[in-house]
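Listed in order, the protein sequences are those of chains A and B. Here our numbering = 1-based position in the first sequence + 295. Here our numbering = 1-based position in the second sequence + 69.
Treat each hint with caution, since some may be false.
Covered by chain A, per the in silico footprint, the following chain B stretches (three or more residues, Cβ under 8 Å) [what the hints assert, rightly or not]:
(1) 169 to 177
(2) 182 to 192
(3) 280 to 286
(4) 335 to 341
Everything labelled a hint here was simulated from the structure, so no lab data went into it. Think of the CB as a built atom: it goes at the ideal place given N, C-alpha and C, for glycine as much as any other residue.
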Amino acid sequence: MTQERPIRVLIAKPGLDGHDRGAKVVARALRDGGMEVIYTGIRQTPQMIAEAALQEDVQVVGLSILSGAHLELFPRVVEELKARGVDDVLLFAGGIIPQEDIPAVNKIGFTGVFGPGTDTNDIIAFVREHAPVRA
Amino acid sequence: MTTTPSGGVDTATALVEGVLAGNRRALARAITHVEADSVIGRELLAHIYPRTGRAQTVGITGSAGAGKSTLVGALAREERKRGRTVGIVAIDPSSPFSHGAILGDRIRMQDLTADGGVFLRSMASRGNLGGLSESATGVVDVLDAAGFDVVMIETVGAGQDEVEVANAAGTTVLVANPGGGDEVQSMKAGLMEVAQVMTVNKSDLAGSDTAVTQLKALLATANLGSWEPPILKTVARTGEGVAELVDAIDRHQAHIRSSVHAAEERRGQATRQLIALARAALHREALEAASTTGALEALVDAVARRERDPRNAAVALLDAVKAQWARK
Numbered sequence: 296m297t298q299e300r301p302i303r304v305l306i307a308k309p310g311l312d313g314h315d316r317g318a319k320v321v322a323r324a325l326r327d328g329g330m331e332v333i334y335t336g337i338r339q340t341p342q343m344i345a346e347a348a349l350q351e352d353v354q355v356v357g358l359s360i361l362s363g364a365h366l367e368l369f370p371r372v373v374e375e376l377k378a379r380g381v382d383d384v385l386l387f388a389g390g391i392i393p394q395e396d397i398p399a400v401n402k403i404g405f406t407g408v409f410g411p412g413t414d415t416n417d418i419i420a421f422v423r424e425h426a427p428v429r430a
Numbered sequence: 070m071t072t073t074p075s076g077g078v079d080t081a082t083a084l085v086e087g088v089l090a091g092n093r094r095a096l097a098r099a100i101t102h103v104e105a106d107s108v109i110g111r112e113l114l115a116h117i118y119p120r121t122g123r124a125q126t127v128g129i130t131g132s133a134g135a136g137k138s139t140l141v142g143a144l145a146r147e148e149r150k151r152g153r154t155v156g157i158v159a160i161d162p163s164s165p166f167s168h169g170a171i172l173g174d175r176i177r178m179q180d181l182t183a184d185g186g187v188f189l190r191s192m193a194s195r196g197n198l199g200g201l202s203e204s205a206t207g208v209v210d211v212l213d214a215a216g217f218d219v220v221m222i223e224t225v226g227a228g229q230d231e232v233e234v235a236n237a238a239g240t241t242v243l244v245a246n247p248g249g250g251d252e253v254q255s256m257k258a259g260l261m262e263v264a265q266v267m268t269v270n271k272s273d274l275a276g277s278d279t280a281v282t283q284l285k286a287l288l289a290t291a292n293l294g295s296w297e298p299p300i301l302k303t304v305a306r307t308g309e310g311v312a313e314l315v316d317a318i319d320r321h322q323a324h325i326r327s328s329v330h331a332a333e334e335r336r337g338q339a340t341r342q343l344i345a346l347a348r349a350a351l352h353r354e355a356l357e358a359a360s361t362t363g364a365l366e367a368l369v370d371a372v373a374r375r376e377r378d379p380r381n382a383a384v385a386l387l388d389a390v391k392a393q394w395a396r397k
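Turn these sequences into a full structure, and let the hints steer you where they fit.
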């Protein structure tokens, strides 16, 4: 009678922009895709995001950012995760990230970047395919 | 088998050591195993259980929208002011359709994330038969063994699971609201009996005195033991009344730990927990046996065709289960 354990995902918004419609749409889509989504709300510091990822033992962290500070904030999130020994999570990003920044964002460790107009099914498929397996 | 950040593999021994040493990463992994009811999870529970019993365990229950998350946040802040560390298990419902969940309790406790004296874990109810109480009880034990002074469990807000989750707590706080007449009705159905402290939250709204009176009236007809549940008023959003709520929880904890009641209380809780867990395990195994023999399907068909009545069919189902177990 046991069913497969749901994938656990943290969705967070780093930095100061206050619009979280996109983050909420993605959170709902992943829930409808059978995942357990921890949503932290807006204005999260890199420390808060990393600490939440640690406490919740998520396999996946998705960040939504509209402010343009992705190249400043994303590396700091990765640093804070590493500092806590959380280095086996899948990272993806969404929001407004200019095309020319995507290689740099990928290099930081965010292997999936999903801009406006993305089909949420693509995000679900990406997470399902790449999420590390846990207990 | 699970890879750890160091590239190794989780073992129960390493996780137990990590949990007892206050390693937060190990604690988070241990909770994952207990929640999944994995082999490692069961092994580590066996190891840590003798180290539990020190924490104040507090259940927070009440209807959806009563302000449980906000109140848990406010309680945690007050406990921190008093120098106590706090572990929190926040349970939200799973979707019965996708089995997914959105766990949003962290939104109301954002400031606590940066506090090293607080550990918050969100859990989805997952809709398993008795599974919620099984895993939530275990997660509380892990946080207790990890040395948190207070461990709070915030429940989903309805149903039999509430009562069982409350069994995992030494003190259960019922959160009611002004104008919640329907709520009071639902409390008659069982939540009243499990609460040792009650609070009318959002008491800055009109009708809070009426709600207090209604609760008092209900209590007057209840079968109370040696403890009379106090009824308080709180505004979780502003923190009003929260210090008094912590005081009331402390008084109840002192009551159940006092020499007169401690042994009785421990046996009572042990009985409730053991029976709840055994019932869940029995339920699962019986259904498994019933479906492997095909008895379940055959009897369902017979009842659906109105050839057999459900009550006698249930007796036949149980006979089939017992016969299957006897063959083992």
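Hints versus structure:
1. 169 to 177: holds (count 7)
2. 182 to 192: It holds, with 6 qualifying residues against the three required.
3. 280 to 286: Per the Cβ count (0), the hint is violated.
4. 335 to 341: As far as the segment 335 to 341 of chain B goes, the hint is violated, because 0 residues have Cβ atoms under 8 Å from chain A.
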